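Chemist: Each chain, written out:
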Amino acid sequence: MGTALLVSPEMSETGSETAARRIATEERDRARFEEDALALSDQVYRVARHMVGSREEAEDLVQETYARAFRSWRTFQPGTNLRAWLLRILTNLNIDRGRKQQRTPETQPLEEGDYFLYNRLEESVGDGGGEAEERVIERLSQDDIVNALAAVPHDFRDVIVLVDLGDFSYQDAAQILDIPIGTVMSRLHRGRRVLKRELAETATEAD
Amino acid sequence: MCDCDGCEQMMQPYLDRALTEEQRLEAEAHLDDCSYCRKRYRFEETLRVYVRQAVEEEPMPPELKERLAALRTPLL
Numbered sequence: 001m002g003t004a005l006l007v008s009p010e011m012s013e014t015g016s017e018t019a020a021r022r023i024a025t026e027e028r029d030r031a032r033f034e035e036d037a038l039a040l041s042d043q044v045y046r047v048a049r050h051m052v053g054s055r056e057e058a059e060d061l062v063q064e065t066y067a068r069a070f071r072s073w074r075t076f077q078p079g080t081n082l083r084a085w086l087l088r089i090l091t092n093l094n095i096d097r098g099r100k101q102q103r104t105p106e107t108q109p110l111e112e113g114d115y116f117l118y119n120r121l122e123e124s125v126g127d128g129g130g131e132a133e134e135r136v137i138e139r140l141s142q143d144d145i146v147n148a149l150a151a152v153p154h155d156f157r158d159v160i161v162l163v164d165l166g167d168f169s170y171q172d173a174a175q176i177l178d179i180p181i182g183t184v185m186s187r188l189h190r191g192r193r194v195l196k197r198e199l200a201e202t203a204t205e206a207d
Numbered sequence: 001m002c003d004c005d006g007c008e009q010m011m012q013p014y015l016d017r018a019l020t021e022e023q024r025l026e027a028e029a030h031l032d033d034c035s036y037c038r039k040r041y042r043f044e045e046t047l048r049v050y051v052r053q054a055v056e057e058e059p060m061p062p063e064l065k066e067r068l069a070a071l072r073t074p075l076l
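First to last, the protein sequences are chains A and B. Residue numbers for the first sequence follow the numbering used here, beginning at 1 and rising by one. Residue numbers for the second sequence follow the numbering used here, beginning at 1 and rising by one.
Simulated from the structure, these hints should not be mistaken for lab results. Predicted model, so just to flag it, every value in this text is computed and none were measured. Treat each hint with caution, since some may be false.
[What the hints assert, rightly or not] Sample of chain A residues at the chain B side, in silico, Cβ under 7 angstroms:
| id | residue |
| --- | --- |
| 1 | Ser41 |
| 2 | Asp42 |
| 3 | Tyr45 |
| 4 | Glu59 |
| 5 | Ala67 |
| 6 | Ile137 |
| 7 | Ile145 |
| 8 | His189 |
| 9 | Glu205 |
Here a beta-carbon is modelled for each residue, glycine too, at the ideal position from N, C-alpha and C.
Chain A extracted, bound-state conformation (with noise of 0.2 angstroms):
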C-alpha cells in the first residue's frame, strides 16, 4: 500500500491525462447517445401520441422522456435497442403518472371474428364487387381512424401502436409493457377486432 504514495511527477501527470482522455471519452459517448435518441424522436411521439389522450399530454410525456433519459443514458447498454428502451421509459412515466390498469376483460368473448369488418361493408355496398370494401376504406378520414384508435381501451390499444405502427416485434412489446409475450398476442388480437368494430360503425355511417 505503502508505494503507492511513491509516485514520480511523471506518473501522476499521465494519470491525469488518462482521466482526461476518460472524460473527452464519455463526453463524445454521451453527445452520441443524445443526438441517437434525438433523431428516434419522431417515432417515439408517434407511440406517445396514441397512448395518451391529447396532443399536449403526449407532448408533456415526451418532454419528460427525453429528460429522464438524458439523466441517465449511462444505464443505456450500446448495441441494444434504443428506441425500445426510450419507450420502457415513456410507459413507465405513464404509468407513474397515474394512468391505472384497465380492468378489460380479457377473457370476455367478442362475438365478431377476424372477417367482421369486411363483412359489415360487403354488406352495406352490396354486390359491388371485390374492390368496393377498400373504396369504403378510404372514404374514412384520418380523423375517423384516429378516433378508432382512441376508442380502444388502452390496454389493447398500446400493443397495436408498438406492433403496428411502431413495427415492434412481440418481445419488444412485452418488454417495453412489462407484459408476458402471451398477454400481448392476446391483447394484439382482441385490440384489432375492436378498432375493426369501430371503423365498421364509423364507415357504414359514412356511407
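Based on the hints, put chain B in the right spot on chain A.
Modeler: Below, chain B alone, put in the same frame as chain A:
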C-alpha cells in the same frame, strides 16, 4: 387442409409472420383455393397499411423538437 373458420383464425398470425412453416403452408393452400378468404386477407393487409398511413400523417410539433434539443447536455 383448413376450413374457412380455421383460415380466419390464422389471418392475423399469418400477416404477422408468426405462423409455423407448416401452418403457413396450410393457410396458403386454403387461400389458393378459396377466393372468399383470399379477399378478406387482402383487405386486412390494405387496412393495416391504411391505418398506419392515417396515423403517420400527424407529424411531431416542431416546438417539441426544439424543446427536446434544448434538453441536451451542453458540451464542456
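Chemist: Which of the numbered hints are not met once you compare them with the structure shown?
Modeler: 9
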